[in-house]
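Undergrad: Protein chains in written order, with the working numbering: chain A, 1136 to 1799; chain B, 1136 to 1799; chain C, 1136 to 1799.
Worth flagging that the hints you see were computed from the coordinates, not collected in a lab. Everything numeric in this text was worked out from a predicted model, so none of it was measured. There could be a bad hint or two in this list.
Partner residues aside, some chain A positions facing chain B, computed with beta carbon under 7 Å [as the list claims (entries may be wrong)]:
hint, residue
1, Ala1151
2, Asn1447
3, Gly1481
Derived DSBU-like pairs (lysine-lysine); straight-line CA-CA distance at most 30 Å [stated by the list, open to error]:
hint, chain 1, residue 1, chain 2, residue 2
4, A, Lys1316, C, Lys1263
5, C, Lys1644, A, Lys1644
6, A, Lys1780, A, Lys1748
7, B, Lys1263, C, Lys1316
8, A, Lys1263, B, Lys1316
9, B, Lys1200, C, Lys1644
10, B, Lys1316, B, Lys1302
11, A, Lys1644, C, Lys1763
12, B, Lys1137, B, Lys1224
13, C, Lys1302, B, Lys1224
14, A, Lys1200, B, Lys1200
15, C, Lys1316, B, Lys1200
16, B, Lys1701, B, Lys1748
17, B, Lys1224, A, Lys1224
18, B, Lys1263, B, Lys1224
Cβ atoms here follow ideal geometry from the backbone N, Cα and C, with glycine treated the same way.
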Amino acid sequence: MKVTPPYFGAAYYPEAWPVEQIDDDIALMKQAGMNVMRIGEFAWSSMEPAEGAFDFAWLHHVVDKLAAAGIGTILCTPTCTPPAWLAEKYPEILIIDDAGRQIGHGGRRHACPNSPVYRDHCARIVTKTAGEFGQDANLVGWQIDNEVHPHGQPPGRGCFCPVCKQKFRDGLRAKFGTIGKLNAAWGTNLWSQAYQSFDQLHGPVRGAWHHQSLYAAYTLFQGDSYVEFCHQQADILHRLTRQPVGTDMMPTTLVSYERMNRTLDVVQHNHYHDMPNLWQSAMWFDYSRPVKPVPFWNTETSTCWNGSHTANRYRESGFCRANSWIPVALGGEAVLYWLWRSHWSGQELMHGSVVSSAGRPLHMFAEVQEIAAGFKAAADFITRTRPAQPKLAMHLSNWAQTVFESQGIVEGFDYRTRVVESFYHPIIQAQYRLDVIDAAAPLTPYALLVSPYLVSLEEAALRDRLLAWIEAGGTWIAGPWTDVRDLHAAKYRHAPFGSIEDWAGIYCKQQIPGIPRDFAIRWADGTMSRSQLWCDGFELRQSGVESLADYTEGELAGLSAVAARKVGKGRIIVLGTQPDAAALQGIIAHLAKATGVVPVGDASENLLVVPRKGPAGEGQIVVEHEHKPATLTLPRAATDLLTGKSVPAGRVEIEPYGVKVLKY
Amino acid sequence: MKVTPPYFGAAYYPEAWPVEQIDDDIALMKQAGMNVMRIGEFAWSSMEPAEGAFDFAWLHHVVDKLAAAGIGTILCTPTCTPPAWLAEKYPEILIIDDAGRQIGHGGRRHACPNSPVYRDHCARIVTKTAGEFGQDANLVGWQIDNEVHPHGQPPGRGCFCPVCKQKFRDGLRAKFGTIGKLNAAWGTNLWSQAYQSFDQLHGPVRGAWHHQSLYAAYTLFQGDSYVEFCHQQADILHRLTRQPVGTDMMPTTLVSYERMNRTLDVVQHNHYHDMPNLWQSAMWFDYSRPVKPVPFWNTETSTCWNGSHTANRYRESGFCRANSWIPVALGGEAVLYWLWRSHWSGQELMHGSVVSSAGRPLHMFAEVQEIAAGFKAAADFITRTRPAQPKLAMHLSNWAQTVFESQGIVEGFDYRTRVVESFYHPIIQAQYRLDVIDAAAPLTPYALLVSPYLVSLEEAALRDRLLAWIEAGGTWIAGPWTDVRDLHAAKYRHAPFGSIEDWAGIYCKQQIPGIPRDFAIRWADGTMSRSQLWCDGFELRQSGVESLADYTEGELAGLSAVAARKVGKGRIIVLGTQPDAAALQGIIAHLAKATGVVPVGDASENLLVVPRKGPAGEGQIVVEHEHKPATLTLPRAATDLLTGKSVPAGRVEIEPYGVKVLKY
Amino acid sequence: MKVTPPYFGAAYYPEAWPVEQIDDDIALMKQAGMNVMRIGEFAWSSMEPAEGAFDFAWLHHVVDKLAAAGIGTILCTPTCTPPAWLAEKYPEILIIDDAGRQIGHGGRRHACPNSPVYRDHCARIVTKTAGEFGQDANLVGWQIDNEVHPHGQPPGRGCFCPVCKQKFRDGLRAKFGTIGKLNAAWGTNLWSQAYQSFDQLHGPVRGAWHHQSLYAAYTLFQGDSYVEFCHQQADILHRLTRQPVGTDMMPTTLVSYERMNRTLDVVQHNHYHDMPNLWQSAMWFDYSRPVKPVPFWNTETSTCWNGSHTANRYRESGFCRANSWIPVALGGEAVLYWLWRSHWSGQELMHGSVVSSAGRPLHMFAEVQEIAAGFKAAADFITRTRPAQPKLAMHLSNWAQTVFESQGIVEGFDYRTRVVESFYHPIIQAQYRLDVIDAAAPLTPYALLVSPYLVSLEEAALRDRLLAWIEAGGTWIAGPWTDVRDLHAAKYRHAPFGSIEDWAGIYCKQQIPGIPRDFAIRWADGTMSRSQLWCDGFELRQSGVESLADYTEGELAGLSAVAARKVGKGRIIVLGTQPDAAALQGIIAHLAKATGVVPVGDASENLLVVPRKGPAGEGQIVVEHEHKPATLTLPRAATDLLTGKSVPAGRVEIEPYGVKVLKY
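This is chain A alone, in the form it adopts within the complex (with noise of 0.2 Å):
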């Protein structure tokens, strides 16, 4: 058997049904279109009932159970959920969280990842099931592990065993050396925080307030901790297996994506977005792209409707459409929902799926039967072409997430809302293609960057990086807030900036939080808007730099509040503060004759329009979002591949949740 992308199937349990049941599931399955199947990602104690007695017969039944009919597997290591055996014999494993609770059996992701005796065990079955599955020509890849995240919420978020505790002070010991440079780093003077040793640290806990260099190199290191975890099962099963390995994340920034898959073969994305936001599920895929070369998993998603514990954020007839289409237009390979058949017992009972617990499909099946049509007939163009790679990036920082996580801009800011909001949804609507970047990520495929709220310029050595391609002919957009803390969450002492002011000729004269009062624009072209979020009020210092926006009353009346200058071959402009839609957009567009960056077509804000090209020939996916009418100018004549009738040039409508596969 040979399953080949684009891969279309869902999240299946097979160790909590009837074995005879599976005849009934691949039946569906099969009614349902799907070639791929994502199993074994909860099932330590079905593969390993007691400690080191193993059982993979019935994993291997399911696996040829579901290559006799065509689908391929992803298998998962089940290491999210210990068994009960394995947390009675060693309760070490369990994270105890910052009031000093251990976290018990019964849940999942209660292992402390730093564990060496979860961590052996988890050695061994993940060695054990790559040993078995490893050379099994039915599977298309591997998923370690399943969303993986430090345990709860800030304050206090993480484990805080011994284990932890202790690494967490060695970590530090071998990053700083002595306990003086430490102090220094973190400016612990203040409250008499300084550290006579490194045993006296501990995370930071709830009820107490702590040090913001804390709290930040506490997350770091939670972080980094599942980092090293997941990497330890890929080296096994990179010795043990040729295909794709993974893990499947959510979208959060407090586990490094880009550290996470530096040595893992594919990106593999979860996302429960609905109705309301669903567009911001482009970020994420135009996050996961630029990450690896290869397309991208979209592991997770659902069909119609949450149910963690109620079922609530039904979604409408076509957003399962919508939603499946737009990670293969965004240039995924895979899409597999979450669930294949709901559960009958135990937790998530209430979860949406593609049949029920009693077997019947839901509502959208033949929505799903058309999607999985869909992609059989555009398969060649959709496996055979790769969106064009864009010349605009935008940075989104894990590190920036972590420092604004405990120290925030404004009451109510937070990060990843303020930039899939404030900056990635005017661009998208402009119709600009970009790549969401990582901080690490090189520069040199874009002529135009936008950095907002990129707290340090310090991460993965991006001044320097930065410099050099500005020079070399990039124009970045920086800010609001960017360059503003260094990599122990602390402030620059010379200047408000690391290099902003210097880099572009400015002098900031003042900072005035952006609520609760703002203040009037004027921009270049006579234009008024007001600011947002926070005011810097620049004074122009140096030859060459001008002002794009000033000011026109209070305190900050006559004072830059967007400058720009050129910088080598290339130009920076400085944000002083958070522009609306409208004056990005403008921005950007005033920037086109310099960088090349325009829009890749004429179309409706709600309607996501990705060209794509490669041996396959050359045509473009469109994907409504917002469950609206929209319209879209086809430059050429173009066929669609989902429907087989052409399509002349000019206007086209197209429905709401609708798609549209144009090969012209």
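Put chains B and C on the given structure of chain A with help from the hints.
TA: Chains B and C in isolation, oriented as in the chain A frame:
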């Protein structure tokens, strides 16, 4: 002395006051027209000031003084508040919450119902008290403990002490025999939750995401622990006294009323409904009445405002009258206020009462006197007539409450709120009288049965009993969300329902959450309404099944929302969605011919109308409960026993919170 | 060097910055016009880097450098932030919260004020510091610790360590002698709460429903622990230095201002009021002024925004001016901002300051310079005149706050909010000047005294002192909710009040909560208003008592809402309900003839008008505090010392946040 019902009085705490004050109190009680006091509720430390040293002299003095004034006593066992010496010497009796914290002395309900040490001390104080007062002719009854309920809120409700842990495990071991059977019944293969031994089980705690079966099992265990706890006291009292024994419970179904009262003599019910929801109190009396053949007691209610921490929910003039007559109208024989005299120290200082802590009658004292006079004037009618046995019943289930608590239907769903608002309210507004019954109650008295959200038919062998009752002629309105879980809180795997599809000859084609969107429904008579809460869409599959209402839009268009079928001599009506009030009333009216269930009178929907009949004659008691004017069409001329005036047949006006005892 | 008041400066943390930066800072301080810096507040670990190893050289350097520039120092004891080595070596000093969790190093205020080990270390560092600087002529004063207050929030506030537990028990043993007396005073027979020994007592914790007397006693104990803690330091400082000693406190009454300041030399007050509630700051200065005969210090306030975690509550231009002049107008002699230079690391990074962490003046720097110039220009008038002694006083009680915290009147009642909004605000809007006094304060300076919600007259023997003062001619406006509890938070049993009925010749016939419904009131002059908060309805029982206002509806109709009676040469007015602003102003105006209390001027209600008189002449300081235009009728021609211009008598316009120092 022989005090006869109706009993009218209050909770009295003489242990908190100077002994000589009792004469003043009794004089005021006589002015108020009261004939019973409830005492001893929390007085353990006054009864047993040191371990093994008992003092009942003061209590005899109180009981005797009251008796001398013609006032009977309801004597309470004081076990809700163990003395300081008990908690100090035997700290193992204290509840341990799910965070591992021991709940110390200084409040109430802080001892574990399963602690053998606590149980022994309880048995001793109850035995001693019963020995002292068991043959005292001045007692009219006993109350065991006070408002038993598990500690805390979910998740993590109940006690987690070592005794509870062991008892929970032992209970499951006794129930399942082998751990394999528990694993199979609970479906623990998901998330590797499978247990290798009963000793791995622990109660569900905050901070972990536990299995629904575990939540349900622990809640059931904790609730039944209080049943066992109270029954132990009841056994002692039954040995040593002949007065009726009960325990006063609050409007909660988490401790089973049915199992608790099975071996008790009188249902005792506390409630604190206020102006906006006074009508809801009727449901709890309609629930209390069918449990026992003898009249229930309303052991606690508020005169004018609540005040656990602040004076709140003030009730205006007239409320006390309506609130006091509702239980009597519905078949109770006792109304006791909480409390007689406001506390002068300690907790609940701000609570409304009959007289203030300074011994001054509160503003509604004249109303209390009027109520007393009314009870006296109508005593013969009250005690020698009973509410007519309704042919209509509605289920209210402890198990459904337990399951829904950890696994709601949609966000915001609250089982008890929906039952009382969406079912009970429309029913009583249309002037139907009904019994509200536990799943264990016999069905033979009824012609029509409504089972809203009755999550399992496996309670009390209901499935078989129900089918037999239907086949014998009963009409059953099922759902929504009825027969969808078993007694492990798990789903059926063969179908969404256990039996309903078979019985009704339907096939549930679609299931869609009822929020955020709803769907139009057309009823058989052409009227339109909207779906609520949840939408099951049925196909009619068997002969004889008809659709009473069809969905007319969306994915559900054309499917039946309400299906009906004759079954044997009876019939079943399945609600696929929550009907609105008018639709529910319409269904019941539509069934009048088949069931004989008709309104008890022609009256405003804000009027409670209770027909009564018995040796003392025939008539009706009516109570206005929404603080608005009401009208009633009196079928026959009557005498209002409260005024002595005759009332001609025809239209009668009732003032806000007005009460009439109309004897034909 | 001799720095003279008014003191103008900021909090300065040189320990957090490179030593060489001080010259830049001092240059900016001089530009700002400042003459004092407050330093050392949290610098313990810099003063004593290891146990017993002291380093004051850096601090001498700072003090000397400042002095050389003409800037005096307020030196703080650093005890709020014990060093890491102290917490590590002696973990028994750490606070244990009510959940049993030890609060570790890494924040502030984490040591128990009762820990003898902590106290010893505090005594040593204070002794050492005083030894170093006690005779330093460059110091203008001392601050003990910082913003002392019990840990956490109720219920469960304070420390629960073994030392606290024992001290709490010992304190009650010393107070009551026998446990029987405690039981009798607290009324512990309810709920079997009676104690057999003092060793059974523990502090009130979350998760239990505790006794009001226990809550109140523990809150009092914890607050007084901080008084004792500070006094221990004051004793050392008084031995070793002659500069004035104080402790900077926040607007809370849970640590008694009165008992704390009794043995200190200068009242130090911190506040962070912002634009919507700037007027409230006046109450705290009117509260600070009468405590000592010497001018108080405003030790902390914000220049432009707060920022513990995010930049919040930005204040617009002019705020800093008004905010800085209010304390000076009301009798203070020091205004210090928090903080001089924004932190570059650690906590509170986002807080507004005078200069940024990069050393750049913030936008309101010119305003600061203007304030400095104004203080200088008006220095003689500021320091050699004082606000006229008001004949009006209002009570603000620590005990009332303590009692109401666990036992409110109605839902949402907050003692301090109601005092400032319902009493203080109408009074100052009508241009009355007043002292806000503790229950312990002498009454002799006053002709009119208002005691809102003064829950007990037993504080500081007030009952006798008050009656004597009334009989000698004082006029007392009592209530609502005054004289209703004793010093155990218990009620009186003979009447709702301790003495008020006797004194006023009234009988409280009804008491009804003021929400949800209110009642109409007719005043003696025929005007109507509505009851608020609570309704006592009085009968007039003795000769000489008259009703100033009667209820006209509901159960209260015909009863008096406000009763008045001559008592000796004085009179008592009892408020049975909360009057609205106009009614309260009307009562005070009505009493003008009897009390001589009249408005200090004819001015807009948004203008603070403070008449001043002294060796330096006579005049008034006026400050607009609502950011709106104001007018003033100037009785005599004057010179505005801030502009040097003469201002003729008659109508004067004041701009938003405008300030004038008008010397006749």
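Undergrad: Work down the list of hints and note, for each, if the structure agrees.
TA: Here is how each hint holds up against the structure:
Taking 7 Å as the C-beta contact cut-off toward chain B, the hint placing Ala1151 (chain A) at the interface holds, the least distance being around 5 Å. Hint status for Asn1447 (chain A): holds, given a least beta-carbon distance of 5 Å to chain B, under 7 Å. Interface restraint check for Gly1481 (chain A): the shortest CB-CB distance to chain B comes to about 4 Å, inside 7 Å, so the restraint holds. Straight-line distance between C-alpha atoms of Lys1316 (chain A) and Lys1263 (chain C) comes to about 28 Å, which keeps the hinted pair within the 30 Å bound.
For the given pair, Lys1644 (chain C) sits about 67 Å from Lys1644 (chain A) by alpha-carbon distance, which is inconsistent with the 30 Å threshold. For a cut-off of 30 Å, the pair hint linking Lys1780 (chain A) to Lys1748 (chain A) stands: about 20 Å separates their Cα positions. At most 30 Å may separate the alpha-carbon atoms for a hinted pair to count; Lys1263 (chain B) and Lys1316 (chain C) meet this at roughly 28 Å. Distance check on the hinted pair: Lys1263 (chain A) and Lys1316 (chain B) sit about 28 Å apart at the alpha-carbon level, within 30 Å; holds.
A C-alpha spacing of about 28 Å is found between Lys1200 (chain B) and Lys1644 (chain C), which places the hinted pair at or below 30 Å, so the restraint holds. With a C-alpha separation of about 18 Å, the suggested pair Lys1316 (chain B) and Lys1302 (chain B) falls inside the 30 Å cut-off, and the hint holds. Under the criterion of a C-alpha separation no larger than 30 Å, the hint pairing Lys1644 (chain A) with Lys1763 (chain C) is consistent with the structure, at around 28 Å. Annotation: proposed proximity of Lys1137 (chain B) to Lys1224 (chain B) is violated, straight-line Cα distance about 42 Å (limit 30 Å).
For the given pair, Lys1302 (chain C) sits about 22 Å from Lys1224 (chain B) by alpha-carbon distance, which is consistent with the 30 Å threshold. For a cut-off of 30 Å, the pair hint linking Lys1200 (chain A) to Lys1200 (chain B) is broken: about 84 Å separates their Cα positions. This hinted pair checks out: Lys1316 (chain C) and Lys1200 (chain B) have alpha carbons roughly 28 Å apart, not beyond 30 Å. Among the hinted pairs, Lys1701 (chain B) with Lys1748 (chain B) is inconsistent with the structure: their alpha-carbon atoms are about 34 Å apart, more than 30 Å.
A distance of roughly 35 Å separates the Cα atoms of Lys1224 (chain B) and Lys1224 (chain A); the hinted pair therefore is violated under the 30 Å criterion. A threshold of 30 Å between alpha carbons decides the hint, and for Lys1263 (chain B) with Lys1224 (chain B) the separation of about 21 Å falls inside it, so the pair holds.
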